[in-house]
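For the record, in the sequence shown the residue sitting at position 370 is 370 according to the UniProt record's numbering, with numbers rising by one throughout.
For the record, the hints were derived by calculation from the structure and aren't laboratory data.
Glycine residues also receive a C-beta, built at the ideal position from the N, C-alpha and C atoms.
Please note that the accuracy of each hint is not assured.
As the list claims (entries may be wrong) - Here are the simulated SDA-like cross-link-like pairs (lysine to any residue), alpha carbons at most 25 Å apart as the crow flies: (1) 336 to 273; (2) 430 to 261; (3) 483 to 229; (4) 205 to 75; (5) 483 to 297; (6) 258 to 238; (7) 205 to 248; (8) 430 to 482; (9) 336 to 90; (10) 430 to 336; (11) 81 to 126; (12) 430 to 299; (13) 9 to 180; (14) 483 to 309; (15) 258 to 216; (16) 9 to 78; (17) 336 to 510; (18) 483 to 429; (19) 430 to 236; (20) 205 to 90; (21) 335 to 81; (22) 483 to 49; (23) 81 to 22; (24) 261 to 212; (25) 9 to 150; (26) 18 to 185.
Stated by the list, open to error - Distance ranges between label pairs, derived from CB positions: (27) 183 to 254: 43 to 51 Å; (28) 50 to 340: 34 to 42 Å; (29) 357 to 251: 41 to 49 Å; (30) 16 to 47: 38 to 46 Å; (31) 238 to 109: 15 to 23 Å; (32) 357 to 180: 37 to 45 Å; (33) 169 to 16: 31 to 39 Å; (34) 309 to 169: 15 to 23 Å; (35) 236 to 354: 30 to 38 Å; (36) 496 to 396: 36 to 44 Å.
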Amino acid sequence: MVSGIPIFKQWVPGWAIKIILFSLILPTMVLFFLPFANINAAAGFYGSEPADIQFAVGLFYAGYVAFYSLERRFFTYLAAKEYFVVFSMLEIVTTVICYHTDELYLLFPIRFFQGMLFSSTVNLSLSLMFTRLRTERAREISFSVFFGMLICILPFNNLVTADLIDAFNFNIIYKVALFSYLPCLCAIMISMNNVRLNIRFPLYKLDWQSFVYWGLMLVLLAYVCIYGQEYYWLEDPRILFSVLAMMGATLLYVLRVKSMKRPYVHPGIFSFQNFRMAIFLLFILFICRFAINIINNFFGGVLRLDPMHISYVNTANLLGLVIGVIISCALILQKKNIRFMWGPGFLLLLFFHVSMWFIFNSEANENNFYLPLFIQGLGVGLIMAPTIVYAVSSVPVVMGPSASSICLATGYLGFCVSAALINYCELYSKSRHYNAFQDHLTKVDPAVLHGLTVRSGKLLHHGMAHKQALKGGRKLLVEAVTKQGQIRFAMDYYEWMALMLVAVLLLIAIFPSLNKTVVYLRSRRLSPA
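Assemble the whole structure, with the sequences as input and the hints as a guide.
Below, the structure written as structure tokens:
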């Protein structure tokens, strides 16, 4: 604050301030991965395909990443209370639009704009936390809490929204989010003083051109990665022109950065070896993190679990994330060597991928997945916040905002690359295994005859006529072969992930500069990554 007046009024207790700050972040976080809560329900509501729902999440993420650096100018221009009221009102308006529309051409730009608003929410809320919690220890705790909330939001969304989506239309969640904003807005109006966190800095020479280049690059990256496999990559003119446009925007941005005294993102951060190591491992972490979508697809497509039961199974993953974040926060506060966090974290992820390779089965019991999912959450929780703190602390304080922005972009890149890898490997691996099964499935094969007899016998036992039972038995056999193809794809993908994690662990073991590291936040004015 500039004037010396407290940001919150004197009569507001500390615990109430913490509740207000967290309640401001939570509704917007829920909107972040909301379409992933039930992709099939969302696709059905909008009359689209699952790839469109993935793209809607990517647009939100792109808005968050692209606006992050430009948002700091608005942050220093407006008073805290005024800023809260402005973006809260805008969030309410966009949520109302999302509630009333079922058209993708309206949903897509609104999702990008919601990502921009999310950037404002996060930056101001965390800055207030840093301001109230004055010690270095408190800053690390605030960072860990925020990133803990961010990585927990996907299983949390699935848990709290599965019953609602099942009982009502998909857009009922937007209505719930809408009403959750109103108490927060009222609490801000009543409890905050109209003071500033910084000296007012006029809004002139806004680098909106760099924001446009960043936004264009990120949106096109999501489009290419999500739709590329479906459109056969560069064979389709839509993907080809998107790649060319992305390359053009990147070139224009690089040329612009070279001619600017204060670039949108400082390119000098890449000269620090520890920073490069951190963002590389962050990229690997996000690829491993989003591979959990394969398990959810396995639960729904092979085990035939409904979204509610899938969300219940994922509570083990949520619990692991919470415990992992708490442990990593304690290790950061003790200023432990980064190897004490990266080594166990990636070992747990390796154990998770190897164990899943053995328990994928068409007749698996979902109870067998609780422990591996807990281990996966524990590993991600151990790695996430320390890696970002390590990346930001690896560069000079003046470059902290740029380091944070690149960490964000790295997470976004991991999200997009993970989607592209899964889409490509699923089509390639499933088709390869399906063709291999077909080569061995003949009418004279004893295993095929036995499978047809068993399946037709079950249908006959339930009262179906003989001819229809034979036809139904063949259909069930084809369905079983399809399931086996999906299982083999999941096993192949997790095997590749396991090999990648072995290479990462070897890199961590031999990387020389990790023996002398400083993992703490040196600036009181750090914004979230």
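Tested hints:
no.	hint	verdict
1	336 to 273	holds (19 Å)
2	430 to 261	violated (51 Å)
3	483 to 229	holds (21 Å)
4	205 to 75	holds (15 Å)
5	483 to 297	holds (11 Å)
6	258 to 238	violated (31 Å)
7	205 to 248	holds (24 Å)
8	430 to 482	holds (8 Å)
9	336 to 90	violated (42 Å)
10	430 to 336	violated (44 Å)
11	81 to 126	holds (14 Å)
12	430 to 299	holds (17 Å)
13	9 to 180	holds (23 Å)
14	483 to 309	holds (19 Å)
15	258 to 216	holds (19 Å)
16	9 to 78	holds (19 Å)
17	336 to 510	holds (18 Å)
18	483 to 429	holds (13 Å)
19	430 to 236	holds (22 Å)
20	205 to 90	holds (24 Å)
21	335 to 81	violated (35 Å)
22	483 to 49	holds (21 Å)
23	81 to 22	holds (16 Å)
24	261 to 212	holds (19 Å)
25	9 to 150	violated (29 Å)
26	18 to 185	holds (15 Å)
27	183 to 254: 43 to 51 Å	holds (46 Å)
28	50 to 340: 34 to 42 Å	holds (40 Å)
29	357 to 251: 41 to 49 Å	holds (42 Å)
30	16 to 47: 38 to 46 Å	holds (44 Å)
31	238 to 109: 15 to 23 Å	holds (18 Å)
32	357 to 180: 37 to 45 Å	holds (41 Å)
33	169 to 16: 31 to 39 Å	holds (35 Å)
34	309 to 169: 15 to 23 Å	holds (21 Å)
35	236 to 354: 30 to 38 Å	holds (37 Å)
36	496 to 396: 36 to 44 Å	holds (38 Å)
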